[in-house]
Amino acid sequence: MEYYLLCHGEANEAAALDPYAASLTERGRRQAKALANLCQYRGVQFICASTAVRAEQTADAVEAAVQVLRWDLKELELLTIDDMEGQVVFSSHPARWSPEQFRYGMERLWVRLVGALARIEIYAATYGIQRVALVSHPDVINLCLLSWLGLDWTSYDYLRFAIDAGSSSLVMFAEGAVTFAWLNRPSLEAPSG
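Residue numbers for the sequence shown follow numbering that gives the first Met the number 0, so the first one is 0 and each next one is one higher.
A portion of the hints provided could be inaccurate.
Said to hold, decoys possible - Pairwise CB distance ranges (calculated): (1) Glu174 <-> Asn11: 16 to 22 Å; (2) Gly127 <-> Ala15: 38 to 44 Å; (3) Asn11 <-> Gln39: 25 to 31 Å.
Keep in mind the hints are simulated off the structure, nothing from the lab. A virtual CB, placed ideally from N, CA and C, is assigned to each residue, including glycine.
Full structure from sequences and hints, please.
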């Protein structure tokens with residue numbers, strides 16, 4: 000089984016009134032196209048995307064290239080105010096939450112994400128799907144990696160991968176082993192032009 004972890008293309012969050020509704024920038028659209036080409040080349044069979052606008056726009060580009068089954072899942076969204084059920088917060092943006100509130104939200108995100116990963120895996124196994132692309136956000140991708148490494152959300156405090164907008168990585172499962180490989184990291188590439 001192969002999972003392609005695709006971080007949405009670059010978005011202009013600062014210009015958006017709602018940070019979850021930020022659209023892709025021109026660079027983000029180019030990144031989405033590059034991710035689409037990668038998925039086409041790799042033969043991705045199933046796409047699951049966050050319902051945040053920038054992730055859906057990235058998934059739109061991928062879906063146009065590979066034309067396969069796609070699920071848009073709220074469970075793949077980044078941390079939101081919805082994860083703060085019963086908590087008093089003064090901002091909808093996680094960057095403005097206290098450390099305790101952020102940890103509470105990350106635990107809630109973990110619970111919804113792990114359930115979604117199980118459903119995706121069961122569906123893929125049932126229908127013989129070997130290559131799945133997840134289009135999401137850095138925090139969510141990090142939690143996926145922690146889960147597959149046998150860790151839980153509490154490890155997020157000390158183990159995080161630097162996930163760039165427009166980046167892609169491959170996670171392979173074979174004979175009880177998990178292998179992780181970067182396919183592209185925009186921050187490490189030479190500037191074009």
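Tested hints:
The beta-carbon spacing between Glu174 and Asn11, approximately 44 Å, falls outside the hinted interval of 16 to 22 Å. Range check, Gly127 to Ala15: Cβ separation about 40 Å, and the 38 to 44 Å hint holds. Checked against the hint of 25 to 31 Å, the C-beta distance between Asn11 and Gln39 comes to roughly 27 Å, which is consistent with it.
The structure does not agree with numbered hint 1 stated previously, though it agrees with all others.
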